[in-house]
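A.B. asks: What follows is the residue order along each chain.
Protein chains: 2
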Amino acid sequence: MDQKNLLCVIFLIVTAGLIISFTSTNFSHAPSSTTGLLDCTDSSSSPLCASRNFLFNKPKRLTPKKDPKPKPKNHDHSSDKPNHPLDPLTVVEINKVRSILSSHALFSSRAPHAFHSIVLEEPEKNLVISWEKGNPLPPRKASVIARVGPNTHVLIVDLSSGRVDLEDTPVRVSGYPMMTLEEMNEVTFAPFSSADANRTIVSRGVNLTDVSCFPLSSGWYGKKEENKRVIKSQCYSCQGTANFYMRPIEGLTILIDLDTKQVIEIVDTGPTIPIPGSTNTEYRFQNLATTTDKTRLLNPISIEQPRGPSFVIEDNHLVKWANWEFHLKPDPRAGVVISRVKVHDPDTQQTRDVMYRGFVSELFVPYMDPSDAWYFKTYMDAGEYGFGLQAMPLVPLNDCPRNAAYMDGVFAAADGTPFVRENMVCVFERYAGDIGWRHSESPISGLPIREVRPKVTLVVRMAASVGNYDYIVDYEFQTDGLIKAKVGLSGILMVKGTPYQNKNHIKKDKEGNEEELHGTLLSENIIGVIHDHYVTFYLDLDVDGTDNSFVKVNLKRQETEPGESPRKSYMKAVRNIAKTEKDGQIKLSMYDPSEFHVINSAKTTRVGNPTGYKIVPRATAASLLDHDDPPQKRGAFTNNQIWVTPYNKSEQWAGGLFTYQSHGDDTLAVWSDRDRDIENKDIVVWYTLGFHHVPCQEDFPIMPTVSSSFDLKPTNFFERNPILKAAPNFEHDLPVCGAESVSA
Amino acid sequence: MDQKNLLCVIFLIVTAGLIISFTSTNFSHAPSSTTGLLDCTDSSSSPLCASRNFLFNKPKRLTPKKDPKPKPKNHDHSSDKPNHPLDPLTVVEINKVRSILSSHALFSSRAPHAFHSIVLEEPEKNLVISWEKGNPLPPRKASVIARVGPNTHVLIVDLSSGRVDLEDTPVRVSGYPMMTLEEMNEVTFAPFSSADANRTIVSRGVNLTDVSCFPLSSGWYGKKEENKRVIKSQCYSCQGTANFYMRPIEGLTILIDLDTKQVIEIVDTGPTIPIPGSTNTEYRFQNLATTTDKTRLLNPISIEQPRGPSFVIEDNHLVKWANWEFHLKPDPRAGVVISRVKVHDPDTQQTRDVMYRGFVSELFVPYMDPSDAWYFKTYMDAGEYGFGLQAMPLVPLNDCPRNAAYMDGVFAAADGTPFVRENMVCVFERYAGDIGWRHSESPISGLPIREVRPKVTLVVRMAASVGNYDYIVDYEFQTDGLIKAKVGLSGILMVKGTPYQNKNHIKKDKEGNEEELHGTLLSENIIGVIHDHYVTFYLDLDVDGTDNSFVKVNLKRQETEPGESPRKSYMKAVRNIAKTEKDGQIKLSMYDPSEFHVINSAKTTRVGNPTGYKIVPRATAASLLDHDDPPQKRGAFTNNQIWVTPYNKSEQWAGGLFTYQSHGDDTLAVWSDRDRDIENKDIVVWYTLGFHHVPCQEDFPIMPTVSSSFDLKPTNFFERNPILKAAPNFEHDLPVCGAESVSA
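Line by line, the protein sequences are chains Z and P.
Residue numbers 0 to 743, in numbering that gives the first Met the number 0, belong to the letters of the first sequence in order.
Residue numbers 0 to 743, in numbering that gives the first Met the number 0, belong to the letters of the second sequence in order.
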């Protein structure tokens, strides 16, 4: 079967099925194997079987040569045991939670119910910090977010005692939990159950069998969305292309009840807008490759480590590499969580605390078009869709280099069944030809010094595909103590249909001003709409212990006194310790620059500097939306680039625990406005990495990766350069490599 | 002999020699081989013999294993011929220039004379553009800057006719030419010819045999420096360390006449400041390596290309790789110059112009301490020291990865003798495990799509060691059309001696304010002084031809009309074409952001967008100095982050042609204030990359590299993603690598 029509055929079958019987139960994927793991071997259409689907639908290779290396057998998670207080729930534990809850009163009623999140309830921080390998684990608990009928519940399940505590009934803040993959899946079919929707689609000149509809979170804009979980569906023609995102049925928005999956409202503002064609939209290699393309002339290149990687992953989750160690786990909401980050100090030979926990707390992606089909597109990808749930299996050799190791995610389906997301995270050593440090003496000194050290780093990577967009998140550890958090944007644009085929056709008003397109004409009838991306990181730095302070080192011009110096001015550094949260609300400015240190004032270096790490912003962007605009109220955590809050276990998600349709009453901005003390406290720093994206034709039909990053950099943390004693490369250490392996 | 005392012993010998006979002639290194090349085989102490010195003083290896691969023979440049209109002067041509000038009236007088620069006088741009391979080269000319007695002359020498044109006699702008390596070398000895200087040094408790003095450009602060070329010398104790920069004889500044090398003035404001100790200052591997250091636990890692690199360097200077081609040459002032940059368009199969010429035009490095020994430290490393002259031979396997190719620089000595700076530039393909583009379909679409393309780039690298500091400059070419210019800072800090051994000892005033240190206490008695780095790039973009316009695409908030939308606001892009230079003077702002496009309005894409490239600033910093402060007047080219000027062959050096002691009357800021038309003209964009550097203990005794960059990114230049058809990695293409080569 032609692959590009696969989706449409699935829709045809399913739509037919829906006519016979439409049920809204969420317990459709019962565990069918003895391990209690979701069984994907029957090529099930379950959205949870991502990696298996891929295997079953493996595209044909252009090059028929066989891979010489046998694939290693996938890790069997059915007997995994937790080894560390922060280890994620295992398959056995998730099944136990499901078993405990199946006999709980809440779930014994006939009301439909679904588990929107089943994750480890992390032990209290002090218990985790005092835990050492060999000690018994603190009691294992699960944090469960469930919907029962119209209510959301947060439950804590004690795995050994079986006790279930209801945290709040119902929870009082606005908003709903992260969608389940199952309901996102069901929403894709929902429009086809509405005769009106079908009629409207057909009236746009598209066959129903060629249509694919996608669930777009609705945001929150007032009463219309009140007291009902709603979602909007946007439909595309998938005729002639796998890249249906480029063929929007523009202006058609279908409002759906997310609980019942019933169509509530159909709006079509675009009957006069043609559906863009499929020409030039293909991006799959096997359908594109040509021998004339110059970019194929690159010879193979690879990062090689003849003696193997230098890191180990102990007990499934504890990564040890060079001078670093940290706990790494996949998370359905945050993607990956890095905890208990410690670095070895070459002077004291001790391992010192740097960060208790770091992760992507929330994303905010507002599109910049106020029209009916676009105004609501203001996504919060973590809290609405699950940044980890959307992280697909990484592609070896391409998503990560050959020397990478992979880690699977173990998550729970809406019915509580555990499932495995294979190869969700990769870990690899990176040598990019960069220089760790160097110095050559100039010939005038007469000293024959040429000292250079290569830079080798360790990268932890995941890639989330939230619908059309792909986010690549890297945490990169340098031997000099620096941690770089990097976000790469790729994937496919969310585009808008337009009658225009050429910029010259755009209407002008009397003054000659062009009609506002809200973006760039990328191809005939396609506008790439302007949008922003904000990725807000939670960084619970613990520099040499939990009690830290945030210091703004402001750089400012100082004029000299008359006669003091031939210089009229210089720049000086003024240190201000943040007393309360308001002092930690930071807007960056080129002409009023500062450094931002997290210090431990109780611990100083030999010469008396407080030990510290600094947050080093690099290229970023700030939201220009009105603070009273509903999306900006919900995304108010982007109102500053940096915030500092006192550690509070319940303040993890910058857009609120329940982000979906939230009103902005539970955001980082609200918490921070309480203006609590933050001096010499256990503090959390929040950093927002921003991107403005004005699309250009090069982003069509798929976008070259654009990246930005920020650093956590040791600042008077070590007594001296911690890689002073690092070794240079020697020829005799390097691998002997032969031609490609095929000939073997 | 213990290497760390080598310098001091050299000084002892030379100082003794100076007592017998001190001459200031600059013609001390006569060519002694038949090729007319400076002969370094006698282990000469000439500062021009940089790479040979290194070979003769090769440090002993900790690991005695022998390199298995024989070193390729170095390129013999004696018979090089120019192949391209932009090829640098060859050895033969430089000798010819010297020969022509030796009979010129200017140099026949007894007045001392020196050549401060002998480089190719590039042909007129239109001649270069119209030239094609196989055509005869345009007439070869040399541009010569010479000092004869107290006067500076610019001469154009026609190599075929032997005609010499004096451009200006004497040149009317302020300032002096770039120092020669020979005079920098002689200045290091100058203090020892002064009995007063020697007495002062000895009074600080240092043996003269343990002292090393370095030439620091004086800046310009008014009458004192008028009508005389002066330089300041700062001295260090090199007792017990090769890292003498950490042992300043603080407060001692020796003013020297740069023409006569005579000491003019000695100021010592630091008799009470101890010289910091040598403990912990060592950084050379063979003196440091220990088996207990954890950073040695990294297994070897290498970028491998079993079928060899994918690029070629044709005719010594024309680099061709993937979809790129450009001309590459070392330059004594700019470091490297990249010209005639063209990219292949996969749609049209044509090679299209992107940039006529790009290079580092100037650097500005002001230190932030107004006291007598520090106020003048406001370096302009290109115009004062020669960014290329200070670029030492790169160290294979460490400065550049194993798969790199190297290019030598051929420069002229002060007497006109050509000399070779080996391995000054490297070119390599870089695979860092990054992703060119990707998209995975979410399981809800049912499409089994996992398309990922690895990112492979081409890097051109040089590293200049301007005294203590090391600048790594990379030009990185991506197959998606993006060019990244990246500057890495490493090397050794310029530090200040202090009586303080601990931060607790710092004096406080009545209000409890600490005495201003102007930096950070890095170790006992050592302050790392706050400073900035600005690197200003000349970017003569020619997007599809010479006539281009600069467009500021301003992103601004637009409030919606009442009732227009549930949204209150959105961000819109407003295009403003710069009419004159003032419109192209750009200060960056987070809250008033813009994109900066260089477009060809005569050439549009299929859908009507003008073809363009955008300058994408990333992390950077702005100078906070008073615009009336003398160093900021001279460095006024950093007053904006972006400037746009009409192409003018004479406007190349942002700090002026004669930067040394310049008054700021010939800077980019002065040219730009003429406010010339820049719409639809041949325009040049200038971008300044800035760094604020507040040192920290990790920078001691040598600094881990800190990098920043900016991008030139195609924006509606291509019809679509130009790497759409790029191939993924396949296992069978990758190398088969064995263990390390030693065992063989």
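It is worth saying that the hints were derived from the structure and are not from the lab.
Backbone N, C-alpha and C define an ideal beta-carbon position, used for all residues, glycine too.
Any given hint might turn out to be false.
Stated by the list, open to error - Cβ-to-Cβ under 8 Å is the rule here; a few derived chain Z residues that face chain P:
#1 R306
#2 G480
#3 K571
#4 N575
To be verified - Computed far set for chain Z versus chain P, every beta-carbon distance over 12 Å:
#5 L158
#6 N197
#7 K578
A.B. asks: It remains to establish, for every hint, whether it holds in the given structure.
C.D. replies: Outcome of the hint check:
1. The criterion of a C-beta within 8 Å of any C-beta in chain P is met by R306 (chain Z), whose closest approach is roughly 4 Å, and the hint holds.
2. Here the hint on G480 (chain Z) is kept, as its CB sits about 7 Å from the closest CB of chain P, short of 8 Å.
3. Residue-level restraint check for K571 (chain Z) holds (minimum Cβ-Cβ distance to chain P is 7 Å; threshold 8 Å).
4. Taking 8 Å as the C-beta cut-off, the interface hint given for N575 (chain Z) is violated, the closest approach to chain P being about 13 Å.
5. L158 (chain Z), annotated as away from the interface, keeps every beta carbon of chain P farther than 12 Å; the closest lies near 29 Å.
6. Every C-beta of chain P lies more than 12 Å from that of N197 (chain Z), the closest at about 19 Å, which supports listing it as non-interface.
7. Every C-beta of chain P lies more than 12 Å from that of K578 (chain Z), the closest at about 17 Å, which supports listing it as non-interface.
Checked against the numbered hints listed earlier, the structure breaks hint 4 alone; every other hint is satisfied.
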